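One-letter residues, chain by chain:
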Amino acid sequence: MAVTPHDSSGTTFTFASAGYTVTNITYSLTDTAANDTIDISHLGLTTGAAVLSQSRPLAGSATDTGREVQIDYIGNSVIADGATGTLVIAGGLTLSKAATVSASSVTLAVNDVVKGSATFKVAR
Amino acid sequence: MKSPEAVMRNALVTTTVVSSIVSSRIFPLLAPQSAALPFITYRRSGIRRQQTLGGPMGVPQVSVDFDVYAATYEGARDLADKVRLSLDGYGGTFDNAEVKQVSLENEQDDFVQLAGADMPPVYSVKLSFDCWWQET
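Quick note, the sequences are listed as chains E and C, same order.
Just so we're aligned, residue 3 is where the first sequence starts under our numbering, counting upward by one.
Just so we're aligned, residue -15 is where the second sequence starts under our numbering, counting upward by one.
Isolated chain C (complex conformation) (with noise of 0.2 Å):
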């Protein structure tokens, strides 16, 4: 299945100094409650599709949200801006599918319960970036 969010995933594990840290435990959505910290989600927040006089250009621009968790504060912004490093201004192809123009938007901290019984409290830093994607 082509999809931006592969893309910039797998930008994310074949960048050393990201995938040193959470080697490819980067998730869609939901971390599996066997996941060990640190690790990443992701999940797409929204989509702008532009038309034309001759139908859709084929070309939407996608946000993508990364939200990444770690057993501390140094910890989930360390890896936070390796990802910021890796994705920001990336563009690149994987599995027949291309993403251009990747911008980091905004970031956001938090201190999150993650669900689970005897799951700690961590530390979490929300990257949000624009990208554009060859949809056809």
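Extracted from the complex, chain E is given alone in its bound form (with noise of 0.2 Å):
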């Protein structure tokens, strides 16, 4: 029988032993290793010849992952910049792996509760 996708509820998310009330979770893997071209067609080019390409002449970070996760959550907690830790997500979707905090934000407003944002690296 097929599996029918979580519909993500009951999912909890906790980072460096703590956990968060969140209510978005962004998973994104990038294969650095990709083939990447760059396009250097030009002006001597006739009319319907095809586009030139070549490799890039420089390889990407080293330390690049290329794995992120992103989250929103509620809470007046601010996740530091720079912080390593073990990242756990379980529930919709199962993940254990250590990570540091790339990007990391809090935003208090009128009529609101106070919502984060933050964006961590997670290693392969």
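Please keep in mind that the hints were generated in silico from the structure rather than gathered at the bench.
All of these numbers come straight from a predicted model, not from anything done at the bench.
A virtual CB, placed ideally from N, CA and C, is assigned to each residue, including glycine.
Don't take each hint at face value.
If the Cβ cut is set under 8 Å, some of the chain E residues that face chain C in the computed set are [as the list claims (entries may be wrong)]: (1) Thr13; (2) Thr34; (3) Val115.
Put the two chains together into one complex, using the hints given.
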């Protein structure tokens, strides 16, 4: 029997042993080793000629894992940028990896609860 | 029973500028026919709950209407203004229930015929408040 996608309710998120009341989680994976090319077409090409391309001359950062987790949460705790720890997601998605905070923000607004947002660079 | 309405009612009853006019005549939904003017009724008109991935947030935003009734237009407006000053921006605790960030969202004047055989027409002002309530 086919497995239906989880509705994501009951999903929990912890970072460095601290739990957060999350409203949104996005887990992004990018293959840093994938071939990527740049367009080197020029005005000397005739109409209808094929686009010219070549591999990028520079490789990406050696520390770029290509994996990121972005969360939105409710609460007035600020997740410090540069903080490291184990990131654990359980429920709709299962993940337990070392992670570093690459960006973090908290928003206080009239007529709304305190909301935060954070982006983590996650180990492969 | 914990409720944000009870917290807001208590805030009015314990505010001298309001209680000196209506005493404790602040009723949920309906006022008894024996209630003397002026008086106030209140009712919940809506609630917005926010969900999280882990479950309900537990801090809904509640809308509560306070209807002020008085024999004269000036009396209704004066009492409504005192209710506004007491509740707009209010935050507090009563009977282990906590309310935060009460905000006055709308006011509406009216002239109504109260139910009952010999009740006179009265002036009223509806004050619509939103507040955050720690539900759990």
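Query raised in the report: Which of the numbered hints are not met once you compare them with the structure shown?
Result: 2
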